[in-house]
Amino acid sequence: MTPQPDAALLDVRDLVVPVVGRRRRRRARTPALNGVSLQVYRGETYGVVGESGSGAADLARAITTPATRTAGQVLLDGVDVGDLDAPQRRRRIRMLRPGHDHATVAGLLVDEMRSAGLPEPDEGELRELVAVVELSAGVLRRSTQELTDGERRRVDVARALCTGPDLLVADDPVAGLDVTVAAQLLDLLGRVKVGRGLTCLLVARDLGVVRHLSDRVAVFYRGRIVEESPARALYRGPLHPYTRALLSAVPVPDPEVEDRRERILLTGDPPLAADPAGGCAFQPRCPWRRPERCADEQPLLRTVGVAGHLVACHYSEEIGR
Amino acid sequence: MLLEVRDLRVVFRRRGQPDTVAVDGVSFDVTAGQVVGLVGESGSGRSALAMAVMRRLPRRGVHVEGRVLLDGVDLLTLSEAEMRERRGRDLSMVLQSPRSALNPVIPLGPQLTGALRRHRGMAKAPAREAAVELLDRVGIADPRGGLAAYPHQLSGSARSRALIAVAAAGRPRLLVADEPTAALDVTTQAQILTLLRELVRETGAALLMTTHDLGVVAGTCETVNVLYGGRIVERAQRHRLFGTPRHPYTHGLLGAIPRLDGPPAPALATISGSGHDRLPWADACAFAPRCSRALPVCTEVSPPVDTSGGRLLRCHNPVPASAE
Chain D
1 MTPQPDAALL
11 DVRDLVVPVV
21 GRRRRRRART
31 PALNGVSLQV
41 YRGETYGVVG
51 ESGSGAADLA
61 RAITTPATRT
71 AGQVLLDGVD
81 VGDLDAPQRR
91 RRIRMLRPGH
101 DHATVAGLLV
111 DEMRSAGLPE
121 PDEGELRELV
131 AVVELSAGVL
141 RRSTQELTDG
151 ERRRVDVARA
161 LCTGPDLLVA
171 DDPVAGLDVT
181 VAAQLLDLLG
191 RVKVGRGLTC
201 LLVARDLGVV
211 RHLSDRVAVF
221 YRGRIVEESP
231 ARALYRGPLH
241 PYTRALLSAV
251 PVPDPEVEDR
261 RERILLTGDP
271 PLAADPAGGC
281 AFQPRCPWRR
291 PERCADEQPL
301 LRTVGVAGHL
311 VACHYSEEIG
321 R
Chain R
1 MLLEVRDLRV
11 VFRRRGQPDT
21 VAVDGVSFDV
31 TAGQVVGLVG
41 ESGSGRSALA
51 MAVMRRLPRR
61 GVHVEGRVLL
71 DGVDLLTLSE
81 AEMRERRGRD
91 LSMVLQSPRS
101 ALNPVIPLGP
111 QLTGALRRHR
121 GMAKAPAREA
131 AVELLDRVGI
141 ADPRGGLAAY
151 PHQLSGSARS
161 RALIAVAAAG
171 RPRLLVADEP
181 TAALDVTTQA
191 QILTLLRELV
201 RETGAALLMT
211 THDLGVVAGT
221 CETVNVLYGG
231 RIVERAQRHR
241 LFGTPRHPYT
251 HGLLGAIPRL
261 DGPPAPALAT
271 ISGSGHDRLP
281 WADACAFAPR
291 CSRALPVCTE
301 VSPPVDTSGG
311 RLLRCHNPVP
321 ASAE
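Residue numbers (the working numbering), protein chains in the order written: chain D, 1 to 321; chain R, 1 to 324.
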């Protein structure tokens with residue numbers, strides 16, 4: 001999918017989201033998202049990668065729940081999602097996440113459509129929906145508790161699709177799943193998004209999962225995008241030191257590769273790093289850190305190499321070699 | 001031989017419900033200093049197996065039979081007091097969640113020195129020094145200050161490393177790690193795996209590690225056991241297992257992982273269903289309902305064990321060795 005600059009479906013501008021909950025006291029000065037801008041074009045899948053504390057999950061939440069942000073804009077087709085009324089927002093932006101409701105599958109789907117302000121679906125529509133996620137019509141009358149893990153996740157996909165959304169936001173869809181069940185779900189998502197021409201924002205901790213489905217990928221670190229790139233270019237030649245460390249940390253199921261690999265081991269971990277005063281957020285852990293600029297000057301996203309490959313690092317050209 | 005597990009069976013019994021066979025006759029060996037992996041999905045019995053080796057399963061409602069020989073002594077026949085004596089000194093465990101495995105109301109120091117004094121008979125002051133050394137070894141930034149820290153004051157990664165320090169404190173000859181990196185970030189996972197590998201190399205302890213992730217196993221374990229439905233379906237040295245997986249389940253598991261090396265695969269799902277779809281081993285192959293290579297015989301006869309060519313294989317219709 002080649003992005004068309006005029007067709008940004010989702011346009012996030014300088015989004016700031018504060019940290020919620022218990023973490024607030026400890027890190028009140030560092031927001032969960034600290035001025036994030038990104039565009040998701042119609043029909044593409046935009047992958048967001050980040051470890052805990054990166055803000056990737058907060059991005060997913062801020063898009064579906066505008067009340068969480070304190071600054072910035074989230075535009076869907078040029079209209080701020082905060083200005084859409086709730087049913088309309090629920091219809092056009094859908095979140096894919098594991099549901100734990102105890103109800104029949106048909107009941108769940110009807111509820112979802114009603115809360116999005118749609119007319120009650122008839123039996124035919126429901127059958128069609130479960131057929132899309134490759135389940136038999138018999139599943140409609142069954143309770144979610146009777147279903148297997150894999151079936152339940154397919155029902156989650158059906159719940160996300162039932163309103164005919166413009167944008168699908170998937171927050172770590174395969175977290176905690178067995179490898180074989182996760183593979184089935186990823187294949188299904190791939191087929192569904194191509195079949196329906198869906199635009200997706202996919203948040204995941206697993207770089208392999210993101211690579212499998214995404215056209216473009218953004219890597220988050222401490223509330224900022226540190227690298228954004230077409231998926232191909234990112235996995236072939238990561239430019240930011242953090243992306244390189246992240247890629248090198250993912251285990252590959254091949255002993256030949258594992259034995260030869262060079263690991264970039266990071267020390268410490270993001271949430272406890274000292275608040276950098278204006279400098280690069282990754283600098284305290286960066287193996288390529290230099291005394292000159294890293295500690296005092298915040299690196300901005302800039303194009304390096306191919307068009308559309310953005311990186312926020314002062315020295316990425318030198319590191320790349 | 002350090003650890004010999006023979007025909008281990010773990011059966012969960014609940015009143016009014018049929019028995020659940022979690023581990024169904026598993027035998028394997030761990031030699032001193034070796035790293036052995038147990039790989040399986042949920043329902044494969046890997047955690048029950050690790051818990052049975054540690055004798056950490058509750059007595060009520062669980063029936064364990066077979067033999068777990070550590071240096072020739074059957075752990076299953078020991079009294080609870082004798083077992084308590086061995087835990088931490090001869091064998092110790094790294095649990096899945098460091099949040100619950102460390103005592104939340106005791107600082108790290110006493111948890112470490114307690115283990116050191118008990119298992120290595122150290123006096124108070126040397127135990128304290130040894131504890132600082134241990135924390136430093138596992139990479140806690142300020143080891144002396146770390147002694148006074150409560151588990152909740154540490155970050156996730158530091159907590160995992162502290163847990164490993166506690167487990168290694170008694171210099172056990174066998175470490176049992178049950179999903180040591182589940183729910184950790186990838187960069188943290190890499191740190192923990194590296195630490196475990198180094199510890200094994202330095203202390204000469206053996207490591208028995210369970211995981212659901214073949215990627216974790218590939219770089220860490222010398223011998224890999226693949227579990228399905230409570231039995232080992234394939235076992236081989238890691239280069240052989242990953243190079244030519246023969247069991248259709250192993251083959252499918254490898255194909256199901258979205259990989260970062262090489263071009264992206266067009267499709268991942270090569271195995272349908274989930275780990276809970278299985279037949280009883282007694283007169284079938286448990287994997288048959290999900291297997292793409294299943295023959296009529298697979299649902300009628302339990303597959304025999306083939307141990308030729310340095311590999312254990314339990315399959316009627318294995319993937320040909322040349323197909324890769």
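Because the hints were derived from the structure by calculation, they are not lab data. Every value quoted in this text rests on a predicted model; they were computed, and no experiment measured them. There could be a bad hint or two in this list.
Each pair of labels, with its calculated beta carbon distance range [stated by the list, open to error]: (1) D:ALA175 with R:ASP19: 30 to 38 Å; (2) D:ARG236 with R:ALA123: 29 to 37 Å; (3) R:VAL301 with D:GLN88: 53 to 61 Å; (4) D:ARG290 with R:SER42: 42 to 50 Å.
Think of the CB as a built atom: it goes at the ideal place given N, C-alpha and C, for glycine as much as any other residue.
Hints, verified against the model:
1. With their beta carbons about 32 Å apart, ALA175 (chain D) and ASP19 (chain R) fall inside the hinted range of 30 to 38 Å.
2. At roughly 58 Å, the beta-carbon separation of ARG236 (chain D) and ALA123 (chain R) lies outside the given 29 to 37 Å, and the hint is violated.
3. A beta carbon spacing of about 60 Å between VAL301 (chain R) and GLN88 (chain D) agrees with the range 53 to 61 Å that was offered as a hint.
4. Remark: the range hint 42 to 50 Å for ARG290 (chain D) to SER42 (chain R) is upheld by a beta-carbon distance near 46 Å.
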